[in-house]
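Engineer: One line per chain: the protein sequences are A and B, in this order.
All residue numbers for the first sequence refer to this note's numbering, where the first residue is 1 and numbers rise by one.
All residue numbers for the second sequence refer to this note's numbering, where the first residue is 1 and numbers rise by one.
By construction, these hints were calculated from the structure, which means they are not laboratory data.
Errors might be hidden in some of the hints.
[As the list claims (entries may be wrong)] Computed list of chain B residues with no C-beta within reach of chain A, every gap over 10 Å: (1) Asp42; (2) Asp80; (3) Leu223; (4) Arg332.
[To be verified] Covered stretches of chain A, going by a simulated chain B footprint (3 or more residues, C-beta under 8 Å): (5) 77-91; (6) 204-217.
Model, not experiment: these values are computed from the prediction.
Yeah, the Cβ is synthetic: ideal placement off N, Cα and C, and Gly gets one too.
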Amino acid sequence: MIPGAPGTLDLDKLFAARLHAARVRPYLATALFALHVVESRRVPTMAVDRNWRCYVSPGFVDRTPVEDLAGVWVHELSHLLRDHHGRSDRVARERGLVGPGERLRMNIAADCEINDDAFGDGLVRPEGAVNPGSLGLPEGELMEDYLRQFRLGPHTQSLAWLDCGSGADGLEREWDLGPDGAHGLSAQERDAVRFRVAQGITARPGNAPKGWQRWAEEAFHPPQPWRELLRAAVRSAASGPGAGEDYTYGRPSRRSAGVPGVVLPSLRRRPPRVAVVIDTSGSVSDAELGSALLEVAAISRAVGGRRDLITVLSCDAAARFVHPLCRAEGIPLVGGGGTDLRTGFAKALRARPRPDVIVVLTDGQTPWPGTRPPCRTVVGLFPRQQASRSWDEDDPDYVPDSPPEWARVVVIGSAPAAR
Amino acid sequence: MPTYTPFAATGTLSEPAHASQLDVAGELLALLRDATTEPRPDTQLEALTLAVAADLPVLLWGEPGIGKTAALTQLAAALDLPLTTVIASVHEPSDFSGLPIVGDDPAEQGVPMAPPDWAVRLVRSGRGLLFLDELSTAAPAVQAALLRLVLERRIGALQLPPGIRIVAAANPRSSAADGWELSPPLANRFVHLQWTHDHEVVVRGLGGTWPRATLPRLDPEGLSEAVDFARRAVCGLLSARPGLVHRLPSNETRRGGPWPSPRSWEMTLCLIAFASAAGSSREVLSLLVRGTVGDGPGLELLASLDRMDLPDPEVLLADPAGAALPERGDLRQAVLDGVVDAVRKRPEKSRWDAAWALLARAVETGAPDLVVVPATTLAALRNEDWDVPESIERLAGAVSLSRRADHAAARAAVAAKAGR
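Using the sequences provided together with the hints, build the complete structure.
Structural biologist: Here's what the structure looks like:
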């Protein structure tokens, strides 16, 4: 291969671009260097496959300036780091999307997710890069969300050439070397590289844009659907030993017949009593509360709680009233103003018989009881992003009370990334 | 005492010559069961085999109906152990803690706790594979009794002999019908293996060809080497990262899963030794390690294993001409960084020269851009009276590349300014 001759891949230019990319995005250097370059004439520009090979068109390298190429490097790498191929496959399965047109949409949506904060800060936006704004979409969302918001049409006509390869949308291309080809990374190696990049970002979060920080936090611990977590927490609180289930001699075990002279206890269940304390201060929206409350009511019924055993307290500055929950639908919520959950706890515990489980739905901007209540506690927490940002930057000393150690905390409303 | 007549035994009774409907049905069933097998690497099963061989309590997490029982049958056949399956959800706690039997004089002789028949048979045979299925659908009290069985290996007054291996299975929280959940101390005692199905395997299996896993064989020659390797791997990581030794799971998502503690690190050490004696792949080791200490610490351990595989900088410096550098770019850069770091720790002219020769070799055999950073660092290590070695000429490509990147950076800065 003669460098510089027409039609051959100008590796020096390509590698100079990679070096530039690694310099302006040091936390991506490991991953950039792990990509294996494959020259291909069938690729329109640059494309990746799921085994971390990067297919490059010689013509594209020739006509693109080094600084633009650096942007393309980071862009293609982002598809792999963010597992766009795996997520595309999942979305396709869940929503029943088939055909190359849908895969093109996934590629465009994935590009939108990457491009809104990938460039700038030393990295030039390559010509023709899709950004959410050009499709009339808001910035900062995930590929799965973008995918719902646009269709292929005249305004996406100019994007039809766009092709980031099977690494971006999961659809095998004819140029792919496949999992058995040379220089591919195995699943374990890919995880290791992604992990190192994530570690580099979380170690020095100041250097990376918000989108990358969010990725690094969730790369190996994607948030789980809160409904499932809440269900598991309430269930295990309500059906764990000590709550609603115990051995009793009041009714002998059926097995006693086989052992004359011995009294065996039998296992008895009594339906658990669940008290739901709701923070109805102005900072929690009705929609959030409604969905969470319905969820708790449904779970409590599922673990055997009769409706008369579920009580709901709406609580702002003072707990106003306790009322038995008659129907899961149409629960009147009374409240507004500031919150002090301590009165809510006290009121719930004053009920006779005492509840087995207290479920608290709150945004957490409240004082908590100083001591552990004598029953299991599950906290459904509504995250407050605005508040957290303001205490980071404006007033670094102010930290709102976080839910106490003895409570099991489920963050409500954080939709998982890979849905 | 009535004896059970197994269903299969009816076939041995000589029936009239003309086939009854049941015989025809039997023929059809035989045809359906007639499936062949093909060898196929199966990382899940290999990981399970190693954990069972290492005698660690394994917990299989998997959706119902995913083939956990089939896998256990295959494992039992491979290890040549009789399989006993106990469905936890149909038992009472006393089945595992023992049933009281009243004798003639309870005050004098006490009340013995009699174990169930399957346990007696298991202990009598001395060896076997005990599979506790459906752990998650059992009542909490039964689960508690079962966990004692798994962890202490006792059923009532019976102690299970060491030849018996135990595997438990549970449904993940999302599909568990009851309040099943492991508390962190219990979760820490298990090797958690996620059991998933492979679409391709299922389709092919229903078509008549099931996979036959080739199971790992421990190499008797390499045992002490394996132990040594495992000790180096775990101790190397933990001495560099003391924070990883013990870390309780902090959030709800990770509850009930694996987490690092001295106990689980000891299990990890054991598993690494087994995997390395069996010559297992990194994929298998990854499943085991991440299932024992959790994803984060597990991945860190695997990353440090990767670094242990890299050539030693001192060896490379001793013979730069014959050095074999890794093919993958990120690993190659890690090696070169290591070499430069070694020179920094003991700066001598000969070592400095050898490092330049290595960098030159790296430029000639691979991508030049990843040499730039090590070369810059190495150049800064120069002593005033050291002459620049000739091999530096061979780095010209990397230098011009670096310059090109500098120009690009300058242009990008200008473009950014113009854009504002």
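Engineer: So which hints don't hold here, by number, going up?
Structural biologist: Hints 4, 5, 6 are the ones this structure does not satisfy, whereas the remaining hints hold.
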